[in-house]
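S.K.: Please model the entire structure based on the sequences and the hints provided.
Protein chains: 4
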Amino acid sequence: MAGNSFGKIFSVTTFGESHGVAIGGVVDGCPPGLALSEEDLQGDLDRRKPGTSRYTTARREDDEVQILSGVFEGKTTGTSIGLLIKNKDQRSQDYSTIADRFRPGHADYTYEQKYGVRDYRGGGRSSARETAIRVAAGGIAKKFLKTEFGIEIHGYLSQLGPIKAETIDHSVTNTNPFFCPDADKLPLLDEYMRDLKKSGDSIGAKVSVVATNMPVGWGEPVFDRLDADIASAMMGINAVKGVEVGDGFAVVEQKGSEHRDALTPDGFASNHAGGVLGGISSGQDLLVHMALKPTSSISVPGKTIDKQGQEIDIVTKGRHDPCVGIRAVPIAEAMLAIVLMDHCLRHRAQNANAHSSTPVIAGSTD
Amino acid sequence: MAGNSFGKIFSVTTFGESHGVAIGGVVDGCPPGLALSEEDLQGDLDRRKPGTSRYTTARREDDEVQILSGVFEGKTTGTSIGLLIKNKDQRSQDYSTIADRFRPGHADYTYEQKYGVRDYRGGGRSSARETAIRVAAGGIAKKFLKTEFGIEIHGYLSQLGPIKAETIDHSVTNTNPFFCPDADKLPLLDEYMRDLKKSGDSIGAKVSVVATNMPVGWGEPVFDRLDADIASAMMGINAVKGVEVGDGFAVVEQKGSEHRDALTPDGFASNHAGGVLGGISSGQDLLVHMALKPTSSISVPGKTIDKQGQEIDIVTKGRHDPCVGIRAVPIAEAMLAIVLMDHCLRHRAQNANAHSSTPVIAGSTD
Amino acid sequence: MAGNSFGKIFSVTTFGESHGVAIGGVVDGCPPGLALSEEDLQGDLDRRKPGTSRYTTARREDDEVQILSGVFEGKTTGTSIGLLIKNKDQRSQDYSTIADRFRPGHADYTYEQKYGVRDYRGGGRSSARETAIRVAAGGIAKKFLKTEFGIEIHGYLSQLGPIKAETIDHSVTNTNPFFCPDADKLPLLDEYMRDLKKSGDSIGAKVSVVATNMPVGWGEPVFDRLDADIASAMMGINAVKGVEVGDGFAVVEQKGSEHRDALTPDGFASNHAGGVLGGISSGQDLLVHMALKPTSSISVPGKTIDKQGQEIDIVTKGRHDPCVGIRAVPIAEAMLAIVLMDHCLRHRAQNANAHSSTPVIAGSTD
Amino acid sequence: MAGNSFGKIFSVTTFGESHGVAIGGVVDGCPPGLALSEEDLQGDLDRRKPGTSRYTTARREDDEVQILSGVFEGKTTGTSIGLLIKNKDQRSQDYSTIADRFRPGHADYTYEQKYGVRDYRGGGRSSARETAIRVAAGGIAKKFLKTEFGIEIHGYLSQLGPIKAETIDHSVTNTNPFFCPDADKLPLLDEYMRDLKKSGDSIGAKVSVVATNMPVGWGEPVFDRLDADIASAMMGINAVKGVEVGDGFAVVEQKGSEHRDALTPDGFASNHAGGVLGGISSGQDLLVHMALKPTSSISVPGKTIDKQGQEIDIVTKGRHDPCVGIRAVPIAEAMLAIVLMDHCLRHRAQNANAHSSTPVIAGSTD
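Residue numbers (my numbering), protein chains in the order written: chain L, 1 to 366; chain R, 1 to 366; chain C, 1 to 366; chain D, 1 to 366.
Hints in this document: simulated from the structure, not taken from any laboratory. Here the structure is a predicted model, which is why all the values come from computation and not from measurement.
In silico lysine to any residue, SDA-like type, Cα no more than 25 Å apart, as pairs:
1) 303/D / 195/D
2) 88/L / 66/C
3) 88/R / 64/D
4) 75/R / 37/R
5) 143/C / 38/C
6) 197/C / 97/C
7) 197/R / 174/R
8) 146/L / 355/D
9) 303/C / 258/D
10) 255/L / 301/R
11) 75/L / 101/C
12) 303/C / 317/C
13) 255/R / 166/L
14) 143/D / 352/L
15) 255/L / 312/R
16) 255/D / 311/C
17) 255/L / 197/R
Covered stretches of chain L (chain C as the covering partner; in silico rule of three or more C-beta atoms under 8 Å from a C-beta of chain C):
18) 2-8
19) 81-87
Okay, the calculated bits of chain L under chain C, using three or more residues with CB under 8 Å as the criterion:
20) 13-25
21) 61-72
22) 104-116
For every residue, glycine included, the Cβ atom is placed at its ideal position computed from N, Cα and C.
M.R.: In C-alpha cells, the structure reads:
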C-alpha cells in the first residue's frame, strides 16, 4: 500500500483534500456484531472540528460523518465501512495567492518537489482537515475497546507554551476549549491565548493520552511493538515532533534502580514504563505524550521563496489556529484507539489458544 | 506479516533468540548491482558487539555475519539476501534461575502472558542480541545510500545520565567506547561509568542520529510519513522510550515565528524541523534523537514476583551493560538507514516521472 | 489489511453493499501528473453496468462515478483518489424473503457462518455490484498503462456454454452485448440466450484478457510473480472457478519440445507461455483465461435449508443475469490493469537502475 | 515487502539460490504452544527432494532442515521460526556453459532483463530448489491444521500427459514415485516415463490437492478470498500455468441448475464448488487442481539466442526431471497448508466473537 493506510488487521485508508469535494475513508477489519451508528462517531468529530471557539480557526465545518456501508440493522457486519464527510466552507479564494510560493514550516515545498504538482488550496492533502476521518475511524475503535474490554481513552493538553497542567482531572478536560485537565490553569490559558492572538504569533503544545483498563499481551515484537506502532501513529499526526511512552526523555537521567517498575502480588508498584514492556502491553495504564510544533501559518511576516526560487516576503492570511496542539487531542485519542484495536485483533489471531499459567496481576497502583 | 518484518519495499525479517543456535534474517527488495560483501557489514557489527570494552557486557561474540544468498560475483542480484550469525558464547546456565520469575523492567512477564510460554534464556527473543541482524541489514542500506546519493549516517551518544555532549564532532565518535562525539566529555564519562559499575546500578542515555546529503521528497503521507516510520523504527529498538525529530519536545515552548525555518534562495535559514516537512524529507539534514532507559538487569536488589504470583527478591546476575544506550548507536544508525532506503524505493515507485519545475534549494545552512 | 484491498504500491480498497447508500473506494499510489477525469472511467463502467441489454439483469443503475480527491486541475497529484458511486435502484423488498434462507451456490451460508450476521439484501457485500469500483480503479490503471507504455488491454468472451469464439477480432467485441470477438457466433449466442432465458436456467462462460505492448521485467518472484498476482486477481472475481495463463491446462498433455517458446533474434517464435517466464513478463502478449460458473440465482426450483436448518424449496426471483460471465469482461480487464500497474511501480522501485546489456527482443511473432 | 514473502499473519519469507551456500527462510506468526521438531518437517522434504527415483533429477540433496529459532523445549514460542537447508551437491560446472545464453522456457531471459544481472548457476533463484523451504514451512502449517482442526491435506498426481488417475485412493499415493493415487495406472506411468526419458523429452502434468475436515468461514472477501489466495499460491509454484477450484473450467459448459450445490439438513448434496462459496470456506472438502508445464530443460535440441542477441542451438545437459509436475505434489500440499493456516488466523483475528445462530451443516456428502 502507498502511504494512506494505517493498521494491519483493523485498518483505515483515507482520502481527501482540504478544499476538495469531500474527505473520506475505508475502515477494514472491524469485527461483526458491534453496535454502531453515526452518533457514536459524531461526538469526537465535534470536539475536533474547527470553529468551536475563538481559539481555533474560524472556518466552519459541520463535519457530519456518513457511514456508507458495513453496518446493517445497527450492527457492523464484518465488511468494510465507508466513511464520508462533505466539505462545505472552502473559500478557496483565500489561498490563491500562495499557489506559487512556499509557506515556511508547511509542506508546500516538499509536496511540490516530491510530486511535481500540488493542490495548494488550504494545504491540499497535507492539511489537518484529513484527520477528521482518523477521528471517525478512531470512534469505531473506541467503541469496540470500550465494549469488549472497558478500555477508556483520555486525551488532554498537558502543556501549552510555558503553562503546564499539574492536576490531571479527566472530568475537567472536555469542559473547556483547551482540553486542559487542570481547572486552575484555565484563566492563565485564556489570558495567554488572548495575548498570542493579538501578537499574530502561535505556540507549541504537549498533548497526552492515557488508556486505562488495558489487557496484558498486546504488541507484536520485534518490530511491530505496541509502542513502536504508537510512535508511528502519533508522529504521523500533523505538527508532531516528538513522542514519549511513560517517562519518555526523563529516562536519560534515571538510574535502573529508579526506573524499573517492581512487580508485586498486588500489581506493579509504579508505572515508569508507561504500560509497555518489551513492546507488549503490561496491563498498566498506557501513557503517551507528544510535542506539537507551533502553527506555521501566522500573521507575523516572514521570508520565503517562490517557485522560481526568488526571495519574497510572506504573511499568512486565512483562518488558522494559534495553537494546533489543542485540536490534536481528539486526533491523538483516535490514533491510539486505532493502534490498540489493531493490536487486539493481531494478538487474537496468533494467540487465541495461548494461556499462561501465570496469574495476571493488576496494573499500576499509582 | 506478524511483527518480525520491517519495511515495505526494502524490508528485513529477523529470527533468533539470545541463546538459540543462531540469529538471522532476510533482506528483501535490495536493488540489483550493488557491490556487497560481508566486509561491508562487519564493521558496524563490531561496533555493536558485546565485549569490546569494560563498559559493555562481558559476553563475547564474534558476531560474524554470513551472506547466504542474493549476492553473485560480488554484486547483489535483486533477489532476497539471507543473513546468518551463529551464537557462540551462550552460557545458558547463568539464566536458569530466572526461569520461573519475572525480572522487573524486562519483557519476561509480558512474553509469558502473551504467549503462555517463553524462552527465558537471556531474554530469548526480547534480548537485544536480535538487533545484530538489524545492524547487518542496515549495513546494506548504508552502502546503497552512500553509493547512490552520498548520504552519510552518523550516530552518537548525545547524553548519558547528567553528562551532555556539547560539541558534535563525528571524527571523535568512533574513537571512544562511548560513541561520544565530544572529546572534552570523555574523562567525565569514564569516571561516571566507573562509579556506576561499582554501585551495581545503571543509567539512561540519549542517542542521536543525523543523515546528511539528503534528497528532497522521501516520505509517503499521510500515514507512512518519513518521520512516522522513523519514530516506529527507533521506538522499536530495545529500551527506547522517546523519539524526537528536529527540535522535538522543545517545540512545546516555541513560538511559530521562532520555529519555522525560512526558505531562502541559498537554502533553509535554519533546521528546527530536523529535515522533514509534512512527512517528506526537505533536503535539510535529517536529525533524530531518542531516549533509552537504564538497563533493568542490575545487581541492586529489587522486588518482583514468580510465576505463582508470590513476592520474591531479585538480584540480576549475568553480564550486562550498565548503559544499554551506548551500544544502541550503531543500531539507531542501521534502523535510520533501513527507513531511508525503503522510502527511497517507495518514492521511486510512485514518482519516477515526477518533475517539479521548482529548483531544489540546498539543505540547512546551519 | 483485512481483505478489502488489492495491490501493494498501486492499490484499491473498496467498500459498499449491493443495497446500501453507495459503493466506493480509495485508489492509492497513483503517480502524479496523469491526466484524469470521470470520463476516463465512465466508459468501462457503462460496459459493466446492468440493464444495458435484455441478456443482463433488468436492474437499472447509472453507475456514475465521482472522483472525490487526488485530482487537481485535471491531473493526478500523487495523493489518494476517492471514488464514489451512489446506489439508486435498490428495490430491497425483492430480497426480504431470503433473509432467513441460504440460496444454493451463493455466499449466504458462508457469510452467515463467518460473521454471524449478514446484509442479505441483494447479496450485500458478496454481490457483484461491488466490482463497479474495481472497474473504476482499473480505468485509472488502463489510462496509466496506455499513456506510459502504449499497453492495450482487451477482454472478450471466449466461450459461452458450448459456443466458442474462433476468431478473435477486438474491433467486434464491443459492438455486441456478449463482448464476443467472433462476429459469426453472434446469431448463435442470441438464440442460445433466448432459449436459456425461457428455461429459467443459466450458463457458465470463459472470459479471456490479453495485454499487448508489454514491457519485459514486471513481476516479483518468488511469491509475487506476475502470474500469481493475476491468478489471485482473477480468482477473486465473483463466480470465477479457474484461471489459466497462456496454454493453461493444455500443458498437461504437452511435451517440452512442443511447449517451450524458442527465442530468436526477431522475437519469440511462439507464445505458449502467455507472456510470463519465471513469474516475470517476457514482453510477449500477456494472455489470461478464466472460467465463470453459471449464475446461481435461477428460477428453476431448488432445495436448500433455512437458518434453522430445515429443508425448504427455493426459487430465486428478482433480476439476474443468465450468464454472469458476460459482464465479467470489463471486470477482468480492470483487474489485469490493476495488477500490471502495481507491478510496473514495484519493478520501478527496486530496479530503477537495473540495465541489462542484453538487447530486448520483440514479443511473440504469433 | 518485495516478492519473497507469502501470507499476512502466518507468513513465510524465503531466500536462497540453487547453487548458493544454503536456502532458508523465516516463518512468522505461528501460534505458541505447538509441538514441533525437525522430524515434523523432514518427511515432506524427503518426498520433494531430488534423487529419490529414476524419474526425478539425479541431483542428490539430503535436504536436511534445521530449525534455528522459535521452538523451545519442543514447543513453538510464538516468535519467528528460522529455517535452514544447506546446499551440498551443487556441481556448478555443469551450468557454466549457459552463462551467456537464455534457455527457452526458463526464466533466464526475464531475470536478465529485469535485474540486469543473474546468478545463472542452476537457474539461481528461479530454480525449484527454493521450494524446499516452502515445503518445510508448509509442514508447520500442516501440523497446526491437523492438531487444531483435524484437517488432512492430500496431494496427488491426477494426470501425466495422456494418463489420468481415475481412482483417488490416498493410501496409494505415497507408495509410488509418481504420487499417483490410482494403482491401476502405475504400470502405464512406468512405461510412459521410460519411453519419455529415452526420447530426451518431457511432459506436463496435472496435480490436485484436497483438504478434508474443513471448518466453515475461512476467507476474507472481497479480495483476499480463500480461493484467490489459493490461486496465487498455486500459480506461484514453478511451472504452474493453470489453477482450478472445484469443477474449474468444466463450469463453462454447466447450467446453473447443474452446478449449484444444494444445501440439505445433512450437508451439501454435492461439491461442484470445491469447498468455497463467495471466497469463504463452506465446510465441504476443499479441492484444487493445477496444470504444470513440461520441463523446459530437455536434451531435444532447440533454438535460442545468446546475450548478444545472436541465434544459437541449445541442448540442455545436467540433471533434470522429465516431469516436474511429480515433485510438485508436496509443494502444492505445503502451499495449501500455508494459505489455510494464514486464513485460519486471519479469521480468528476479526471474528473471535462471531457466532452464527445457524447450525453448521456437514460438508459434502459426496
